[in-house]
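Chains as they are written, first to last, in the numbering used here: chain A, 4 to 232; chain B, 645 to 856; chain C, 1156 to 1622.
Derived from the structure by calculation, the hints contain no laboratory data.
In this text the structure is predicted, and so the values were computed from the model without any measurement.
Built from N, CA and C at the ideal position, the CB exists for glycine as well.
Take the hints with a grain of salt, since some may be wrong.
Claimed, not checked - Example chain B residues on the side facing chain A (calculated, C-beta under 8 Å, incomplete):
#: 1; residue: Ser653
#: 2; residue: Pro655
#: 3; residue: Ala662
#: 4; residue: Glu665
#: 5; residue: Leu670
#: 6; residue: Ala680
#: 7; residue: Ala703
Claimed, not checked - In silico DSSO-like cross-links for lysine-lysine, where the CA-CA straight-line distance does not exceed 27 Å:
#: 8; chain 1: B; residue 1: Lys850; chain 2: A; residue 2: Lys86
#: 9; chain 1: B; residue 1: Lys850; chain 2: A; residue 2: Lys94
#: 10; chain 1: A; residue 1: Lys229; chain 2: C; residue 2: Lys1620
#: 11; chain 1: B; residue 1: Lys771; chain 2: B; residue 2: Lys725
#: 12; chain 1: B; residue 1: Lys718; chain 2: B; residue 2: Lys791
#: 13; chain 1: B; residue 1: Lys725; chain 2: A; residue 2: Lys94
#: 14; chain 1: A; residue 1: Lys232; chain 2: C; residue 2: Lys1620
#: 15; chain 1: B; residue 1: Lys742; chain 2: B; residue 2: Lys771
#: 16; chain 1: C; residue 1: Lys1611; chain 2: A; residue 2: Lys232
#: 17; chain 1: A; residue 1: Lys94; chain 2: B; residue 2: Lys718
#: 18; chain 1: B; residue 1: Lys697; chain 2: A; residue 2: Lys47
#: 19; chain 1: B; residue 1: Lys827; chain 2: B; residue 2: Lys725
What the hints assert, rightly or not - Partial selection, computed: residues in chain B whose CB lies under 10 Å from chain A:
#: 20; residue: Leu652
#: 21; residue: Phe654
#: 22; residue: Ser659
#: 23; residue: Arg666
#: 24; residue: Cys673
#: 25; residue: Ala675
#: 26; residue: Ala683
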Amino acid sequence: MKKLFTSFLTAMATTLALIAAPGVFAAGGPVALDATPAQKLSDKAAMQNGAKTFMSYCLGCHGLSAMRYSRLADIGMTEEQIKAVMPPGAKPGDYIRTSLNRAEAKDWFGAAPPDLSVTARSRSSHSGTGTDWIYTFLRTYYEDASRPTGWNNKTYVGVGMPHVLWDAQKSKPPAEFDSMVGDLAAFLNYVSEPAQFSRKTIGVVVMVFLAIFFVLAWRLNKVYWKNIK
Amino acid sequence: MSQSSQDLSFPVQPSSSATSERRTWLIACGAVGGVAAAATAVPLLTSMAPAEKARSAGAPVEVDIGDIPPGGLKTVEWRGKPVWIVRRTPEMLASLEKIEPQLADPKSDRTAFPTPTYAKNRHRSIKPEFLVTVGICTHLGCSPVSKFETGNQPGLGADWQGGYFCPCHGSNFDHAGRVFANKPAPDNLEIPRHMYLSDTRIVVGKDEKGEA
Amino acid sequence: MASEKNVTTTGLLGWIDTRFPLTKLYKEHLSEYYAPKNFNFFYFFGSLAMVVLALQIITGIFLTMHYKPDASLNAAGVPVAFASVEYIMREVPFGWLIRYMHSTGASAFFVVVYLHMWRGLIYGSYRSPRELIWIFGCAIFLCLMAEAFFGYLLPWGQMSYWGAQVIVNLFSAVPLIGPDLSVWIRGDFVVGDATLNRFFAFHVIAIPLVLVGLVAAHIIALHEVGSNNPDGVEIKKNKNADGIPLDGIPFHPYYSVHDILGIAGFLILFCAVVFFAPELGGYFLEFNNFIPADPLVTPPHIAPVWYFTPFYSMLRAVTDLFTWVMVASAGLGALAVLRARWPLVVKAGALAALLVLAVTFRVFDAKFWGVVIMGGAVVILFFLPWLDHSPVKSIRYRPNWHKALYMVFLVNFFILGYLGVLPPFPFGQAYSLVGTVFYFAFFALMPIWSRIGDFKPVPERVTFKPH
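Based on the provided sequences and hints, a complete structural model is requested.
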């Protein structure tokens, strides 16, 4: 059994080594991504800033239709703060919807601006998480006269979206702009999976519990099998 | 122990020390396993509780009552149920005392559908003129029909003072939603928590103490 | 009452036993079902497969309470099915947990089943008298692949949609009836709402019913003949005076307790993924599937889910060049027929058939043969009990070069799987062709190679170290 097990592991190791072999098996690489500053991802203040940025700059075209305004209480926003960022006429229980007409948007931009509820997950790749993609994308715009909007993007070449944050970028020092985008990315990261924080906390409890159960099950097994000859 | 069972790989009769050892660990594992089973059941069963959507849809509802004529009934939906707002005439209110001998719970003492303190009176409402009640029969959930015309009518008796009749199993309710005695329904119609925002506007599902 | 059965039990249990064989079943299948004592690590995976099946059914039931199989767009322009999954993730209390358990469980099912099949392969568990257990098992594997395929459409993401579109289009490769067959399967000209609803029906009730039935048959067949073991020794050959195998131990309590340990270990790995890495780098929950299905835009890189990738590689390997390889195999088959000691008439018939086959290999599209090869890779497993002509059941007593060959088979399967995840590239395409040929040759030539070499003597009794 030991021999077979070791040869099984050798098989796995061989395969992994072949996979890791550079060049031969490597797929064509996408753009390198900047990592979103890690401390922002669990910082509620950062997420709140991001929420405000989103409502000011993004909600005009992009919805977060899987999310309700009232859910923003998760990241520490009070009822007044939530009401302050909601568009007029919306109720706290409403889903975060954009008022942009999809058909018209397709005419103007070539494609309807996608709903961003799970973009921080859908844009993940081997280069980084979707959050990293968003963080990089919003900071890699450059002027390009050949594009209808006058803007192109190194992370998403040929994008139909204009550089909406241009005003913010030119009025802030680079570090402050990066921080603003980082907060927005952290917010969208939260929106893509609101349960992620409690998931990890519960996970720790579950793993500790299972470790204890494993030890008990091991002892139980032992106490029966020592009678087997 | 027979000769042949000595050749077996397992003890046909484990020793008492082996048995008690086994029991110890069985109890330990069983206890922890039971906790695991409960911990698994809780999320599964909780997932069946009303989700955010149901709770949002169950939010309080504001109603304009200024347009209800005297003797008129307005229905609004709250938590998927019909809520009647009735603007009672003086005759309707007068019938409330007359009908009391025929009622099962004239003082709304029963607690199955607790009556809010501000409705614990003969007219079962904040203002006598307006009745706010859930239009669901307390027997098995059909919605009663309004029968405001008084006098002899089939199925309602000669001295019908006006009120509501449930077609499913024949329960009757008076103009304050109080159930008649000896009918299938055990309780008076539910009075939801409500409050006046102004003389012409009420909110159903919420009062000074908070949301229902 | 009139003529009640005589049973030895009393009280409530006695009442039941006269009406339902409860104690009899308990004894036959648990407390007096004797399994070999020398089961090793690979023998955990049968019970684990049952645990995962139960897990998928239970989490599936709770998901079905909230999921909506509707491809139309909601007011926000998002397909209702996709939105209902996000509803489960955010608004249903613990919905995210149930969803992750189900998605991780699907991948876990394949990990467990592949390991379970590998055990069967190396210890000869499919050999007489256990052929039927193996056949039921292969049928379970096929149903599992179908179940996973139907289930994967339900989230209605880009991978869901285009994966289904590609796989259903495979059926259009069938000569004559293909395109009509695809339309009939889909219920429409492209994958759409009709397809989603029927795949929902297949996934939620049709195949689970079949699966549960097949699993019952699988276990009944197993209990009829008794389990094999890593030494390939038949324990029923050495019994004591009471008819109990000397190397056997009652399944309950020894293996029930042993399997609890296995489940504990499995849960540690399973929960680590569910709580800390549910996407598992995009292998368990593919990134592209977080984009709602769009019939007008195919994502730049579609790959099937990891557990289908070895077979997907084989499908892609079948190009025009491969059809020549198939013709060559028909040629080799003809040579074997010529050498065989069959009556002349039979030989002539076989040669004619092979000639016709060789011609059809070139006449029909490589597209069609790709489908046949992919399906054939699973179907050939059914025949394993009759392909293996080794005098010895277990790999432990086979010549060393047999062991090496099994290792090569395993590594090849992994490599084919990995290549299936990547977009096609020249070296990968070349390897996939060789790898596919190796896979089929391993089985097709087994009647010959499994007899060759110095086999070690198989012991009378199992090898076991008390612990």
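A quick look at each hint next to the structure:
1. Because the smallest distance between the Cβ of serine 653 of chain B and any Cβ of chain A comes to about 6 Å, under 8 Å, the interface hint for this residue holds.
2. Given the 8 Å rule on beta carbons, the hint for proline 655 of chain B holds: about 5 Å separates it from the nearest Cβ of chain A.
3. The interface hint given for alanine 662 of chain B is met, as the beta carbon of that residue sits about 6 Å from the closest beta carbon of chain A, less than 8 Å.
4. The beta carbon of glutamate 665 of chain B comes within 5 Å of a beta carbon in chain A, closer than 8 Å, and the hint placing it at the interface holds.
5. For leucine 670 of chain B, the interface hint holds, the least distance from its beta-carbon to any beta-carbon of chain A being 7 Å, beneath 8 Å.
6. Interface restraint check: alanine 680 of chain B against chain A, minimum CB-CB distance 6 Å, threshold 8 Å, status holds.
7. Annotation: interface hint on alanine 703 of chain B holds; nearest CB of chain A at approximately 6 Å, less than 8 Å.
8. Straight-line distance between C-alpha atoms of lysine 850 of chain B and lysine 86 of chain A comes to about 20 Å, which keeps the hinted pair within the 27 Å bound.
9. About 17 Å separates the Cα atoms of lysine 850 of chain B and lysine 94 of chain A, which keeps this hinted pair within 27 Å; it holds.
10. At most 27 Å may separate the alpha-carbon atoms for a hinted pair to count; lysine 229 of chain A and lysine 1620 of chain C meet this at roughly 11 Å.
11. For the hint pairing lysine 771 of chain B with lysine 725 of chain B, the CA-to-CA distance comes to about 22 Å; that is within 27 Å, so the pair holds.
12. Note on lysine 718 of chain B and lysine 791 of chain B: the hinted pairing holds, with a Cα-Cα distance of about 14 Å set against a maximum of 27 Å.
13. A C-alpha spacing of about 21 Å is found between lysine 725 of chain B and lysine 94 of chain A, which places the hinted pair at or below 27 Å, so the restraint holds.
14. At most 27 Å may separate the alpha-carbon atoms for a hinted pair to count; lysine 232 of chain A and lysine 1620 of chain C meet this at roughly 8 Å.
15. Note on lysine 742 of chain B and lysine 771 of chain B: the hinted pairing holds, with a Cα-Cα distance of about 20 Å set against a maximum of 27 Å.
16. Among the hinted pairs, lysine 1611 of chain C with lysine 232 of chain A is consistent with the structure: their alpha-carbon atoms are about 25 Å apart, no more than 27 Å.
17. With a C-alpha separation of about 25 Å, the suggested pairing of lysine 94 of chain A with lysine 718 of chain B holds against the 27 Å cut-off.
18. Taken as a hint, the lysine 697 of chain B and lysine 47 of chain A pair is honoured in the structure, with Cα atoms around 25 Å apart against an allowance of 27 Å.
19. For a cut-off of 27 Å, the pair hint linking lysine 827 of chain B to lysine 725 of chain B stands: about 22 Å separates their Cα positions.
20. A least Cβ separation of about 9 Å between leucine 652 of chain B and chain A falls short of the 10 Å threshold, and the interface hint therefore holds.
21. The interface hint given for phenylalanine 654 of chain B holds, since its Cβ lies 6 Å from the closest Cβ of chain A, which is under the 10 Å cut-off.
22. Against a cut-off of 10 Å between C-beta atoms, the interface hint on serine 659 of chain B holds, since the closest Cβ of chain A lies about 8 Å away.
23. Because the beta carbon of arginine 666 of chain B sits about 5 Å from the nearest beta carbon in chain A, less than 10 Å, this interface hint is met.
24. The restraint placing cysteine 673 of chain B at the interface with chain A holds, with a minimum CB-CB distance near 5 Å, inside the 10 Å limit.
25. Contact between alanine 675 of chain B and chain A, as hinted, is supported at the beta carbon level, the nearest pair being about 9 Å apart and thus within 10 Å.
26. Because the closest C-beta pair between alanine 683 of chain B and chain A is about 8 Å apart, less than 10 Å, the hint holds.
Of the numbered hints given earlier, the model fails none.
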